[in-house]
Amino acid sequence: MAQSFSATIEGWVKRVHEAEAAVFKEAAQELVEQLNDQITEMIYETPESPGYKRTGFLRASLMASTEAMPRLEQDNPGLPVGADAGDVILVIAGAELGQTIFLGYTAKYGAMVALGTSKMAPRPWVDLVAQRWPEIVSTVAARVKQRFGL
11 MAQSFSATIE GWVKRVHEAE AAVFKEAAQE LVEQLNDQIT EMIYETPESP
61 GYKRTGFLRA SLMASTEAMP RLEQDNPGLP VGADAGDVIL VIAGAELGQT
111 IFLGYTAKYG AMVALGTSKM APRPWVDLVA QRWPEIVSTV AARVKQRFGL
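The numbering used here applies: residue 11 is where the sequence shown begins, and numbers increase by one.
Honestly, the hints are just simulated from the structure, not real lab data.
Keep in mind that a hint or two might mislead.
Derived lysine to aspartate or glutamate pairs resembling DMTMM-like cross-links, with alpha carbons at most 20 Å apart [said to hold, decoys possible]: (1) Lys118 <-> Glu83; (2) Lys118 <-> Asp94; (3) Lys63 <-> Glu51; (4) Lys35 <-> Asp85; (5) Lys155 <-> Glu77; (6) Lys155 <-> Glu36; (7) Lys155 <-> Glu40; (8) Lys129 <-> Glu28; (9) Lys155 <-> Glu51; (10) Lys35 <-> Glu106; (11) Lys35 <-> Glu51; (12) Lys35 <-> Glu83; (13) Lys35 <-> Glu77; (14) Lys63 <-> Asp85; (15) Lys129 <-> Glu40; (16) Lys155 <-> Glu145; (17) Lys118 <-> Glu145; (18) Lys118 <-> Asp85.
FRET-style restraints, in silico, Cβ to Cβ [to be verified]: (19) Ala31 <-> Lys118: 30 to 36 Å; (20) Pro144 <-> Tyr62: 33 to 39 Å; (21) Leu160 <-> Thr50: 22 to 28 Å; (22) Tyr62 <-> His27: 47 to 53 Å; (23) Ala131 <-> Glu28: 17 to 23 Å; (24) Pro90 <-> Arg153: 30 to 36 Å; (25) Ala121 <-> Gly96: 22 to 28 Å; (26) Gly126 <-> Thr50: 17 to 23 Å; (27) Arg157 <-> Glu77: 26 to 32 Å; (28) Thr65 <-> Arg153: 33 to 39 Å; (29) Thr56 <-> Pro87: 44 to 50 Å; (30) Pro132 <-> Met79: 18 to 24 Å.
Note that the coordinates shown come from a computational prediction; the quantities given were computed from them, not determined experimentally.
Using N, Cα and C, we set each Cβ at its ideal position, and we do this for glycine too.
The whole structure should be built from the sequences, with the hints applied where relevant.
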């Protein structure tokens, strides 16, 4: 079971509220960057299947919320879609310390790609990155500690 954010960060961070908020938001942003890198590596940098044209829609369907998990509800428009995490980063920037930030891919076929099918191997990019959460928090905490001169 993954450790909570509070259990992962060091005591000094909790004593300096601005540092705790910086670690919280920067670690969430780093997680998003790693999700983008991992999905690009596992899906978009591999050869396309015959008869299938990639649009980038799955990668671009990442959404963030502080209210609830984004739903798998969007159909692929069939046109190229650029990856833009701007809205996700805005949600992270506006999150209050202690709030849950829900990240989810809203492309209807996202779970099928992640879990695989009888004709397609799984590409568990989310699981691989989620397992790195404690490492991400530790790395960001060290960076913030240095920046704050602590």
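Do the hints match the structure? See the list:
1. Lys118 <-> Glu83: Distance of about 5 Å is within 20 Å: holds.
2. Lys118 <-> Asp94: Status holds; Cα separation ~19 Å.
3. Lys63 <-> Glu51: With Cα atoms ~17 Å apart, Lys63 and Glu51 stay inside 20 Å; holds.
4. Lys35 <-> Asp85: The hint is violated at about 30 Å.
5. Lys155 <-> Glu77: Violated. Lys155 to Glu77 sits at ~30 Å, over the 20 Å cutoff.
6. Lys155 <-> Glu36: Measuring from Cα to Cα gives roughly 12 Å; hence the hint holds.
7. Lys155 <-> Glu40: Holds, at about 16 Å.
8. Lys129 <-> Glu28: violated, 49 Å
9. Lys155 <-> Glu51: At roughly 31 Å apart (the allowed maximum being 20 Å), Glu51 and Lys155 break the hint.
10. Lys35 <-> Glu106: Answer holds: Lys35 to Glu106 is near 9 Å, not above 20 Å.
11. Lys35 <-> Glu51: violated, 24 Å
12. Lys35 <-> Glu83: At roughly 27 Å apart (the allowed maximum being 20 Å), Glu83 and Lys35 break the hint.
13. Lys35 <-> Glu77: Measuring from Cα to Cα gives roughly 16 Å; hence the hint holds.
14. Lys63 <-> Asp85: Holds - the C-alpha atoms of Asp85 and Lys63 are around 15 Å apart, at most 20 Å.
15. Lys129 <-> Glu40: With Cα atoms ~32 Å apart, Lys129 and Glu40 exceed 20 Å; violated.
16. Lys155 <-> Glu145: holds, 15 Å
17. Lys118 <-> Glu145: Given that 20 Å is the threshold and the Cα spacing comes to 30 Å, the pair is violated.
18. Lys118 <-> Asp85: holds, 6 Å
19. Ala31 <-> Lys118: 30 to 36 Å: Given range 30 to 36 Å: holds, Cβ gap about 35 Å.
20. Pro144 <-> Tyr62: 33 to 39 Å: holds, 36 Å
21. Leu160 <-> Thr50: 22 to 28 Å: violated, 34 Å
22. Tyr62 <-> His27: 47 to 53 Å: holds, 49 Å
23. Ala131 <-> Glu28: 17 to 23 Å: violated, 44 Å
24. Pro90 <-> Arg153: 30 to 36 Å: The hint (30 to 36 Å, Cβ to Cβ) holds, given that Pro90 and Arg153 are roughly 35 Å apart.
25. Ala121 <-> Gly96: 22 to 28 Å: holds, 24 Å
26. Gly126 <-> Thr50: 17 to 23 Å: holds, 18 Å
27. Arg157 <-> Glu77: 26 to 32 Å: holds, 31 Å
28. Thr65 <-> Arg153: 33 to 39 Å: Hint holds: Cβ distance 35 Å, inside 33 to 39 Å.
29. Thr56 <-> Pro87: 44 to 50 Å: Distance hint for Thr56, Pro87 is violated at roughly 22 Å.
30. Pro132 <-> Met79: 18 to 24 Å: With a Cβ separation near 20 Å, Pro132 and Met79 satisfy 18 to 24 Å, so the hint holds.
Hint check: violations occur at hints 4, 5, 8, 9, 11, 12, 15, 17, 21, 23, 29; the rest are consistent with the structure.
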